[in-house]
Amino acid sequence: QVQLVESGGGLVQAGGSLRLSCAASGRTFSSYTMGWFRQAPGKEREFVARIRSSGITYYTDSVKGRFTISRDNAKNTVYLQMNSLKPEDTAVYFCARAVDYSATYDYWGQGTQVTVSS
1 QVQLVESGGG
11 LVQAGGSLRL
21 SCAASGRTFS
31 SYTMGWFRQA
41 PGKEREFVAR
51 IRSSGITYYT
61 DSVKGRFTIS
71 RDNAKNTVYL
81 QMNSLKPEDT
91 AVYFCARAVD
101 YSATYDYWGQ
111 GTQVTVSS
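Counting from 1, one number per residue, gives the positions in the sequence shown under this note's numbering.
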């Protein structure tokens, strides 16, 4: 059973920064794609960023240039560095795991709240 545990959320003013972490259990972390998603109140969950096992990254347009996803395979951890935060970034952020090049994320964390005040 794989467990994903997010941390690093909190309250920050607009223009500020936060770094989210997602620690994964299991021995084969490095061979999977890891993604970040978010869900704002009253809205559907949306994709934010992903990083493949190769290190190739992809971002949704609204966070390009502001967010950076990275991974440390030695620590079984994926990060989301969020800069220049905006109130519309307020959401619960989830990390998830997918088989490389699969569209299906099979394990999810419990989420961490990010609140950006104006």
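Keep in mind the hints are simulated off the structure, nothing from the lab.
Where is the CB? At the ideal position from N, CA and C, for every residue including glycine.
Where hints are given, some of them may not hold.
With a straight-line cut-off of 25 angstroms between C-alpha atoms, the simulated PhoX-like cross-links for lysine-lysine are [what the hints assert, rightly or not]:
hint, residue 1, residue 2
1, LYS86, LYS43
2, LYS86, LYS64
3, LYS75, LYS43
The following label-pair restraints were derived from C-beta to C-beta distances [said to hold, decoys possible]:
hint, residue 1, residue 2, range
4, GLY42, ASP72, 13 to 23 angstroms
5, GLY10, SER102, 26 to 36 angstroms
6, ASN73, SER117, 33 to 43 angstroms
7, ALA74, ALA14, 31 to 41 angstroms
8, ILE56, SER117, 32 to 42 angstroms
9, SER84, ARG27, 28 to 38 angstroms
10, GLN1, SER118, 17 to 27 angstroms
11, SER70, GLN3, 32 to 42 angstroms
Need the list of violated hint numbers for this structure, in ascending order. 3, 4, 10 and 11
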